[in-house]
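Chain residues, written in single-letter form:
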Amino acid sequence: MKQMKLLLHVSDNERWSVALTTAINFLKDVGEDEADVVIVANGTAAASYAYSDKIETMEVLADKGVQFRACRNSLKKLCAEGTVCINEEALPSFVKIVPAGISEIVSKQREGYAYVKP
Amino acid sequence: MKQMKLLLHVSDNERWSVALTTAINFLKDVGEDEADVVIVANGTAAASYAYSDKIETMEVLADKGVQFRACRNSLKKLCAEGTVCINEEALPSFVKIVPAGISEIVSKQREGYAYVKP
Amino acid sequence: MKQMKLLLHVSDNERWSVALTTAINFLKDVGEDEADVVIVANGTAAASYAYSDKIETMEVLADKGVQFRACRNSLKKLCAEGTVCINEEALPSFVKIVPAGISEIVSKQREGYAYVKP
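Chains as they are written, first to last, in our numbering: chain A, 222 to 339; chain B, 222 to 339; chain C, 222 to 339.
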């Protein structure tokens, strides 16, 4: 079982770049066989999956086992307030939608993931 | 005993809105019987208890068991630097003042609360 | 063994002031004999060790046992992108350089340090 468990919490679209660099550095430093990385995006960062210029980098990381999550509450709120409406079907296939990002974040910490806010 | 323990750290007045939405979503998602939420406010967020337009929302959450903390060190600093002087007696009754918010944050994590910076 | 273990993550040069105040408050509140504090700086905060006007405050804290870390990945990135090039030899002697700040942050949490993003 992978021992180095990292949970990255991205809540702002502008922090994606730092978050992805952090994941890349972590994989490189501890080794892909040891690194277990989950990235939970809520707030404006949840919508980034639909239009970010970082999708290719995310995809490479997903292929290396990094897990990507999007918060449905956030997507609904962004649509309700008129910011942007994202069709969940339009998100990349490597993204898993969770009902509430915050519950995922708490659950993962209970499973031993170290929380980091990039 | 409630199993899903969440510690929200709010250090900036402008993050209160996100923090409260996060607490609401968490209660809704895991259920009020399972959710144990503590919110520790320091920095400018500690003073928000005295004048924020979010007091009513906080009060509703307090009635559902969410615990609110204010850092005395922060209140003193805000007064000393001339930003705002808050009389502790003037804070809402649902707010508990702690001598040092940072110690409360560390203690709660030791008790098993998952740290989240909204 | 010290029981109150605190890990401060500073990723932005502008957050150093808050981070150091947090460390000072923590030492004062729980007592220097009980407090075990590690500060990991990455991003622009890693370069601050070379030119910040807070060095003296850091030094006082280092003398009280606070451990300071700088992320080498961040220093390399800041140099590569033309922001600032820091010679590691020029950093204060109380700063320990780690290959990847993110791995240090995960390791420390595994050792029981409570993560806080000031």
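Calculated directly from the structure, the hints in this document are not laboratory data.
Note that the structure is predicted; figures quoted are calculated from it, not measured.
One or more hints might be untrue.
Copies of the same chain look alike in the list, so a pair counts if it fits in one copy or across any two.
Unchecked claim - Simulated pairs of lysine-lysine, DSS-like, Cα-Cα distance not exceeding 27 Å:
{"no.": "1", "residue 1": "297", "residue 2": "226"}
{"no.": "2", "residue 1": "298", "residue 2": "275"}
{"no.": "3", "residue 1": "297", "residue 2": "275"}
{"no.": "4", "residue 1": "285", "residue 2": "249"}
{"no.": "5", "residue 1": "249", "residue 2": "317"}
Taking the hints in turn, this is what the structure says about them:
no., hint, in the structure
1, 297 with 226, "between (29 Å within a copy, 25 Å between copies)"
2, 298 with 275, "both (23 Å within a copy, 18 Å between copies)"
3, 297 with 275, "both (22 Å within a copy, 21 Å between copies)"
4, 285 with 249, "within (11 Å within a copy, 34 Å between copies)"
5, 249 with 317, "both (24 Å within a copy, 20 Å between copies)"
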